[in-house]
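Number of protein chains: 2
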Amino acid sequence: MTEHPEWVAVDWGTSNLRVWVMGPSGDVLQYREDPRGMGVLKPEAFAGVLGELLSGVERQDTALPVVICGMAGAREGWAEAGYCAVPGPPPGADQSIRVPATSPDLKVFILPGMCQQEPPDVMRGEETQAAGFLAMTPDFDGVLCMPGTHCKWVRCAEGMVKSFKTTMTGEVFSLLRDHSVLHQALAGPAWDMASFDQAAETAAENPGQALTNLFSIRADRLLNAAQTGPAQLSGLLIGAEVVALHQLWSRRPVALIGSEQLADLYARVLTARGAEVQRIDAEAATLGGLKAAYEQLKNRL
Amino acid sequence: MTEHPEWVAVDWGTSNLRVWVMGPSGDVLQYREDPRGMGVLKPEAFAGVLGELLSGVERQDTALPVVICGMAGAREGWAEAGYCAVPGPPPGADQSIRVPATSPDLKVFILPGMCQQEPPDVMRGEETQAAGFLAMTPDFDGVLCMPGTHCKWVRCAEGMVKSFKTTMTGEVFSLLRDHSVLHQALAGPAWDMASFDQAAETAAENPGQALTNLFSIRADRLLNAAQTGPAQLSGLLIGAEVVALHQLWSRRPVALIGSEQLADLYARVLTARGAEVQRIDAEAATLGGLKAAYEQLKNRL
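Heads up: the protein sequence lines correspond to chains A and B, in order.
With the working numbering, the residue at position 283 of the first sequence is 283, and numbering never jumps.
With the working numbering, the residue at position 14 of the second sequence is 14, and numbering never jumps.
The shape of chain A in the complex, shown without the other chains (with noise of 0.2 angstroms):
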């Protein structure tokens, strides 16, 4: 027997967005990607994005909710769905905003980020990811680690987010590879592992060193030919971060949700300095956090 859809689960990011159709047991019915993410898009836009996507999708009687995390809750997305506080539990369908479709047979809701004021941090689709892992894990006391271009290192204890970090490290690394000095001895030389872990251990024992010792990267191919400049950047980069960020997950279990060629890049570190670490899949994260915002809606629809 064919299932119908019940609901649509939405993760619409700056760069893109990804939407989920799913039925009644829980099962993904469809799945669509799109560029259109939050970065290219006007506020008034989103709304037929939306339709447009869904167009095909059959509908029943009621109307087909959609719940949607990321940044198309942020001041520049779709409206501002705000941010819930930590230390708290991740939000769920009562913090979330209703915004209007451009058909009735869509409910669309927007859940919020979160937020946390000193040190001042923001996230927007993670606590979702947080919210799914949780669900999940209840009784986790450690915490997530989710690399990519920022990553954001969650502290999570009693089904709460107690604090959060994001760093910059994706940006930094993408930012000198295409637009710095050291863009030729970025480009071209294939992965080189070895060279990654010495640069990550380098850059672990001296932290502070990581940035005076980016120039090095150019000179070392000007000198020596070297061809190891990318291994060198991720490495010096992510072990400086990992070391930077050892109180926050030293005698803790760490969850790493990511990509899963970045993860295993943390993953190398955080276990070459003592991690006890853990792997979990990003979409099944991400999907969960909506499903569960959904169960919650779906008792007020």
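Calculated from the structure, these hints are not laboratory results.
Note that the structure is a prediction, hence the values are computed from the model and not measured.
Worth double-checking, as some hints may not be accurate.
Computed spacing ranges between beta-carbons, pair by pair [said to hold, decoys possible]:
#1 B:K162 to A:E33: 48 to 58 angstroms
#2 B:A157 to A:N16: 52 to 62 angstroms
#3 B:R273 to A:G188: 32 to 42 angstroms
#4 A:S55 to B:E33: 53 to 63 angstroms
The beta carbon of each residue, even a glycine, is placed where N, CA and C say it ideally should be.
Put chain B on the given structure of chain A with help from the hints.
Leaving out everything else, chain B in the frame of chain A:
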């Protein structure tokens, strides 16, 4: 009595070139700047640009010597002038290379840069400023700090460059301001010196966390409408840099050579950490280095 041009000093950098037409008594007879730096020129274009800039300069019976320092001597420049190794005196006329000019009434020499094998490092242009400074202060036993897009920290003693270190602080600042998610937080706000001092102090206390603390500049803007982004970022980066290089400058005089505004910031951070800082005029240092090379050259022409 009007002086006749005797030689020409040129500092040919990545983003511009500066030309001083010099009289026999060491006076600057004419000065020109041009945006055609190494970064926008093919190797075959340099001779024509120089010829054009000197076309109106009066020639005597003998050819006009031109002494060039900087990126014109890079692999991608006019002609590769190589590097002199450290430890050693800054390069002079004997290490320069002669390159063909567009006209026989110009004799053009390019000075090499300096290189260091371990840790790998290179410079082009700053070694000539060091030469100029050492010509004025031959007994200097300390560190030259030359802030800019890249900051060069040059350890000098016994008339030699003993070692040096390049940091990318200025470039990292520009990348984050122009291309990163911090863009908004760094656009607009006026300079706030108290925020600079505080950020430098915080970063100096823990330079290893400078990289991981970048994002809070954005969060502080989002949550608290903070208007102190540029000063915060600058303080964070310079504070971390100065402390990371503490071993290099501590218990030694520091001579600061650079644009007034940027050198002011380095001077604040260095003196707050106990360094003894003197300020050196950047143009005088460059011209002094080129003049020292010309004086050697004159005997060979």
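Here is what the structure says about each hint:
1. B:K162 to A:E33: 48 to 58 angstroms: About 56 angstroms separates the Cβ atoms of K162 of chain B and E33 of chain A, which means 48 to 58 angstroms holds.
2. B:A157 to A:N16: 52 to 62 angstroms: holds, 56 angstroms
3. B:R273 to A:G188: 32 to 42 angstroms: The hinted range 32 to 42 angstroms holds for R273 of chain B and G188 of chain A, with Cβ atoms some 40 angstroms apart.
4. A:S55 to B:E33: 53 to 63 angstroms: About 60 angstroms separates the Cβ atoms of S55 of chain A and E33 of chain B, which means 53 to 63 angstroms holds.
No hint from the list above goes unmet by this structure.
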